[in-house]
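Student: Dock chains B and C against chain A, hints included.
So the sequence lines, in the order shown, correspond to chains A, B and C.
Each residue of the first sequence is one higher than the one before, starting from 0 at the first, in numbering that gives the first Met the number 0.
Each residue of the second sequence is one higher than the one before, starting from 0 at the first, in numbering that gives the first Met the number 0.
Each residue of the third sequence is one higher than the one before, starting from 0 at the first, in numbering that gives the first Met the number 0.
Read the hints as simulated data drawn from the structure, not as lab findings.
Hints may be right or wrong, so weigh each one.
Unchecked claim - Computed list of lysine to aspartate or glutamate pairs in DMTMM-like fashion (alpha-carbon distance at most 20 Å, straight line):
{"#": "1", "chain 1": "C", "residue 1": "67", "chain 2": "A", "residue 2": "453"}
{"#": "2", "chain 1": "A", "residue 1": "172", "chain 2": "A", "residue 2": "393"}
{"#": "3", "chain 1": "A", "residue 1": "288", "chain 2": "C", "residue 2": "130"}
{"#": "4", "chain 1": "A", "residue 1": "267", "chain 2": "A", "residue 2": "459"}
{"#": "5", "chain 1": "B", "residue 1": "42", "chain 2": "C", "residue 2": "144"}
{"#": "6", "chain 1": "A", "residue 1": "235", "chain 2": "A", "residue 2": "204"}
{"#": "7", "chain 1": "A", "residue 1": "309", "chain 2": "A", "residue 2": "204"}
{"#": "8", "chain 1": "C", "residue 1": "8", "chain 2": "B", "residue 2": "170"}
{"#": "9", "chain 1": "A", "residue 1": "229", "chain 2": "A", "residue 2": "331"}
{"#": "10", "chain 1": "A", "residue 1": "169", "chain 2": "A", "residue 2": "374"}
{"#": "11", "chain 1": "A", "residue 1": "288", "chain 2": "C", "residue 2": "151"}
{"#": "12", "chain 1": "A", "residue 1": "235", "chain 2": "C", "residue 2": "130"}
{"#": "13", "chain 1": "A", "residue 1": "377", "chain 2": "A", "residue 2": "93"}
{"#": "14", "chain 1": "B", "residue 1": "42", "chain 2": "C", "residue 2": "130"}
{"#": "15", "chain 1": "A", "residue 1": "235", "chain 2": "B", "residue 2": "39"}
{"#": "16", "chain 1": "C", "residue 1": "64", "chain 2": "A", "residue 2": "456"}
{"#": "17", "chain 1": "A", "residue 1": "169", "chain 2": "A", "residue 2": "179"}
{"#": "18", "chain 1": "B", "residue 1": "42", "chain 2": "A", "residue 2": "234"}
{"#": "19", "chain 1": "A", "residue 1": "377", "chain 2": "A", "residue 2": "393"}
{"#": "20", "chain 1": "A", "residue 1": "309", "chain 2": "C", "residue 2": "130"}
{"#": "21", "chain 1": "B", "residue 1": "46", "chain 2": "C", "residue 2": "130"}
{"#": "22", "chain 1": "A", "residue 1": "396", "chain 2": "A", "residue 2": "331"}
{"#": "23", "chain 1": "A", "residue 1": "443", "chain 2": "C", "residue 2": "151"}
{"#": "24", "chain 1": "C", "residue 1": "64", "chain 2": "A", "residue 2": "452"}
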Amino acid sequence: MRHSTIRRHQRVSAVVAALAAAALVLAGCSSGSEGSEGPQGSQGSQGSAGTSGAADPGPTGTSDVADADGSSDKPAPSGDPVTLQFFNFTAGTDHAAQLQAIVDAFEKQNPGITIEVTNGSFDTYFTDLQTRIAGGTAPDTFELNYENFVSFAASGALLDLTKAAPDAIKPDKYYPKAYDAFNYQDVQYGLPESFSNVVLYYNKDLFDAAGVAYPTKDWTWKDEQAAAEKITNVDKGIWGDYQPFTFNEFYKTLAQNGGSFFNADGTKATFNSPEGVQAAAFLTDKVGKTMPTEAQMAGKGDDVLFKQGKIAMWHTGIWMFGLLTEEPANWDIAIEPGNVQHASHFFSNAAVVSASTAHPVEAAKWANFLASSDETVKQRLDNNWELPAVINDDLLKPYMQQHPPANKQAVFDSLDAVVVPPVTEHQQEMQDIVTLNLQKVVQKQMTVQQALDDAAEQVDALLQR
Amino acid sequence: MQTEARWAVYLRTTIIAVGALVFVFPFLWMISTSLTSAGELFKLPPKLIPNPIDFSGYQRLFGNPSLPLLRWVANSLLVALAVAFLQVLTSAMAAYAFTRLNFPGRNVIFVAFLATLMVPFQVMVVPLFIEMRFLGLQETYGALIIPDMASPFAVFLLRQAFLQLPRELEESAFVDGAGHIRVFLQFVLPLSRPTLATVAVFSFMGSWNNFLWPLVVIHDPSMMTLPLGLSTMSSRFVTDWNLLLAGATVSVLPIIAVFLFAQRYILQGIAMSGLKG
Amino acid sequence: MVGDRGWRKAGLVALFLLPALLPLVAFRIVPMLASVWVSTQEWNLLRAPVFVGVDNYVDVLTDPKFHKGLVNTLYYLAGYLPLVLIFALIVALLLNSKLKGMALFRGAYFLPVVTSWVVVALLWKWILSPEGGLVNYLLGLIGIDGPGWWTDPGWAMPSIIIASVWKDLGFNMLILLAGLQAIPEHLYEAARIDGAGAWRRIRSITIPLLTPSILFVMVLTMIGSFQVFDQVYVMTQGGPAGATTVVMEQVVRHAFRYGRMGTASAMSWVLFAIILAFTVLQLRFQRRWVHYAN
Chain A
0 MRHSTIRRHQ RVSAVVAALA AAALVLAGCS SGSEGSEGPQ GSQGSQGSAG TSGAADPGPT
60 GTSDVADADG SSDKPAPSGD PVTLQFFNFT AGTDHAAQLQ AIVDAFEKQN PGITIEVTNG
120 SFDTYFTDLQ TRIAGGTAPD TFELNYENFV SFAASGALLD LTKAAPDAIK PDKYYPKAYD
180 AFNYQDVQYG LPESFSNVVL YYNKDLFDAA GVAYPTKDWT WKDEQAAAEK ITNVDKGIWG
240 DYQPFTFNEF YKTLAQNGGS FFNADGTKAT FNSPEGVQAA AFLTDKVGKT MPTEAQMAGK
300 GDDVLFKQGK IAMWHTGIWM FGLLTEEPAN WDIAIEPGNV QHASHFFSNA AVVSASTAHP
360 VEAAKWANFL ASSDETVKQR LDNNWELPAV INDDLLKPYM QQHPPANKQA VFDSLDAVVV
420 PPVTEHQQEM QDIVTLNLQK VVQKQMTVQQ ALDDAAEQVD ALLQR
Chain B
0 MQTEARWAVY LRTTIIAVGA LVFVFPFLWM ISTSLTSAGE LFKLPPKLIP NPIDFSGYQR
60 LFGNPSLPLL RWVANSLLVA LAVAFLQVLT SAMAAYAFTR LNFPGRNVIF VAFLATLMVP
120 FQVMVVPLFI EMRFLGLQET YGALIIPDMA SPFAVFLLRQ AFLQLPRELE ESAFVDGAGH
180 IRVFLQFVLP LSRPTLATVA VFSFMGSWNN FLWPLVVIHD PSMMTLPLGL STMSSRFVTD
240 WNLLLAGATV SVLPIIAVFL FAQRYILQGI AMSGLKG
Chain C
0 MVGDRGWRKA GLVALFLLPA LLPLVAFRIV PMLASVWVST QEWNLLRAPV FVGVDNYVDV
60 LTDPKFHKGL VNTLYYLAGY LPLVLIFALI VALLLNSKLK GMALFRGAYF LPVVTSWVVV
120 ALLWKWILSP EGGLVNYLLG LIGIDGPGWW TDPGWAMPSI IIASVWKDLG FNMLILLAGL
180 QAIPEHLYEA ARIDGAGAWR RIRSITIPLL TPSILFVMVL TMIGSFQVFD QVYVMTQGGP
240 AGATTVVMEQ VVRHAFRYGR MGTASAMSWV LFAIILAFTV LQLRFQRRWV HYAN
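Bound conformation, chain A alone (with noise of 0.2 Å):
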């Protein structure tokens, strides 16, 4: 009996060790990797740049630099039929049709393609692509915007386009600062889709209304400042001014002060200046005063507020045009206002390609096709689903000539002076870190100096991890 229950015991524990070897060596190499990011969670609806129901949020930071065994595959021979995985986040709801669209084309000009098509949400875009690629089942083709790109390209993740498909593309087809955004180390890893930027929306009734003049490219913040307080009413729900309080709206507003996020040679934050503090306290002394606060805002998001013609200036992405076909009834857009220059977000997405995919080739050529092909140039210009990221001039035009907005020009005058991101190798808990000293300062918990010196002294911490 003693006998039988100890041989039991040995093959249970027998059995129990070898499931824990067999995980512990698992969670020990996981093979295939990209990048990694999180929940867009804690940025609550005064978070983003751009909000609800837009198809293309902006940027978000990765957090590490990753390495991975980069496969080399040589091109696969071509003639079996092949199916392509294409995970997204900017076509949503609101585009899903054209980019079903530009599929169609694809398809049709490449019979024995097929692409098979995943719209994921911004907000758990970036979760779903680590885990998807840290449990092997990485898409073979996908987007990635700005931020993360460095991180993915620097761990060997993607494939190097112009070797897989040579002939294909075209470097020349594409605006030179979309493209070099995308070339890492000298191998170009991604072709940029689209591009997009914040401008500042305003409505021409409540400007008339108040009587005061429209902004222009002279405006600076004092020029901001001043007509938002000529049109706020808070009595009426009339607001003046609208700009989210994150680290994508501070790292643009400190450029647009003359300061510096990180010196010279990114050791050290350095957005702690006099200049960083004029910068955060421009932002955050508006809530309020000129901007709503978020119960201000009672659960509407701050398009449907600008629709809604509650608030007067919006600063905002362009991806927002197509929303605002009809409502309100008169706005139109102009550069965003800087304090000692101008200084605008650039941002652009790319489409690249796993470099675990077992067709290089032919998920080359897709992912050339949908930055560049005709068809994606029409299908973005005729549907304000951000702009393409190739210069095509007669396409441009009736684009330039869709009202609203009358003023399409700000949109190509503010690429004039770009802020590039900062990037570091934890880029998300850098940008929290950020956000949540601003978010402090307007919960009047700590004064801008305060907030930002300590931000910094975190995030010198961080570099140095």
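Tutor: Okay, now just chains B and C, sitting in the frame of chain A:
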């Protein structure tokens, strides 16, 4: 048997009824908001019955191919039913072993069972995810069902129940030559139906409401469970209340139906165990 | 033969025990052990892990944000546990009657338990909307200017607590009700015969004999409170301005948003140690106040 005084009955019923209203009313409010048109949403005073009744939230919900709501409901139902069945089965068997079979280490193993309850699930998520991949189960129903096959909590409850069963019937069955399996199936299980039902319900609910695990292991929209699908919806349509609450309403109705159906059984069970005294 | 019976018995035990034991080992214990190993690494699932020994634990224990998370978690516990226990008890006592219609009411209280947290979070965000929400409207009717609820750092945790009590009350009520109904009727009879009034009966019979169930509810609720996650993630995501950051929200954020698997694992083990300590204390202390019938 003494009956309660009239006034006491009225008082009791009133208090309970008012309390119950607090628990039921928000659901009515949810339905009401889902039928309110966007323009009327923020107008005060809020009306319980919206005027006009606007179905556009539902139209947008069902007309949207990237929101397979019914598929999500079906996934959740399938997974929750499977988990409930498996948990009842495995827990009953384990509880039988703990209460009717003697073996060395019995108590230690039982305590170990319970100890696992204290370790937060988040601790195990990542290694568990990697295990799923090893077994080729990611993005499948298997990943949602198999790790939840056993429940220490259910074992605990059933062990309690089995301990309280009168042993005479079982003992005479043994004397008559019945083996453990027969005793288990013919005596222990039938007499514990109420607790089994309770366990089934708790298992079902637990699985139904599971959020973090599906979040990690399922990304394909057609395989998502309801809470996961709803949360992707809510992160996309952040403040579109009448659409969101339309989705919430649709997702709550099936579970309420199931609950109403199962409720009688559970309550019978509780009542029976109460009368046993 | 002894050998034979031994084998048969072993087989029987295996048959009954393994279906629950194996999955538990494979899908709970093994990952737990692996997670201990992970907590000693600096690892983002992509690069190879780097051994850092106890550094993660040191970092966690000295991190003011972790302390804040712990404080928030305790705040949640302190608000949620008493409220849900007391109200569940009151409702259970009220519902403990053979009157017709009690079944209907029982169902009503249990309704929120069966709904998923995403639904409840959405619903309560809407109901607690600072402007245009039902609660503030009702408060306004009696002259109170309602707070910002989940948009206000001072009111965000109370909002979560309210939604949690609402959601979980039915569950605890059910357990307590089962405990109530297990109290033998004859004890009450004897007390009535002795002339004890209703309140006296509750104090001397009901509550003492209910203490095992109360303990059960308390232990479970306490453990669950330390692990609170779903509602925080869905309702406030730790905000506003970090006012509702609880430990588990930090764990998930560090693991999946920042890619710090090691730190996240260390954090969760620190939490486990705390839960263990509290539970042991509770169980030690129970001898003072829990009565077990026979």
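Student: Work down the list of hints and note, for each, if the structure agrees.
Tutor: Status of each hint after checking the structure:
1. C:67 - A:453: Distance ~16 Å between residue 67 (chain C) and residue 453 (chain A) Cα, so the pair holds.
2. A:172 - A:393: 13 Å, holds
3. A:288 - C:130: With Cα atoms ~18 Å apart, residue 288 (chain A) and residue 130 (chain C) stay inside 20 Å; holds.
4. A:267 - A:459: 6 Å, holds
5. B:42 - C:144: Distance of about 17 Å is within 20 Å: holds.
6. A:235 - A:204: Holds. Residue 235 (chain A) to residue 204 (chain A) sits at ~15 Å (cutoff 20 Å).
7. A:309 - A:204: 11 Å, holds
8. C:8 - B:170: Holds, because 18 Å separates the two Cα atoms, which is no more than 20 Å.
9. A:229 - A:331: 19 Å, holds
10. A:169 - A:374: 16 Å, holds
11. A:288 - C:151: 17 Å, holds
12. A:235 - C:130: Within the cut-off at roughly 14 Å; holds.
13. A:377 - A:93: 16 Å, holds
14. B:42 - C:130: 10 Å, holds
15. A:235 - B:39: 18 Å, holds
16. C:64 - A:456: 14 Å, holds
17. A:169 - A:179: Within the cut-off at roughly 13 Å; holds.
18. B:42 - A:234: 16 Å, holds
19. A:377 - A:393: 11 Å, holds
20. A:309 - C:130: 15 Å, holds
21. B:46 - C:130: 15 Å, holds
22. A:396 - A:331: 18 Å, holds
23. A:443 - C:151: OK: residue 443 (chain A) and residue 151 (chain C) at ~12 Å, within 20 Å.
24. C:64 - A:452: 16 Å, holds
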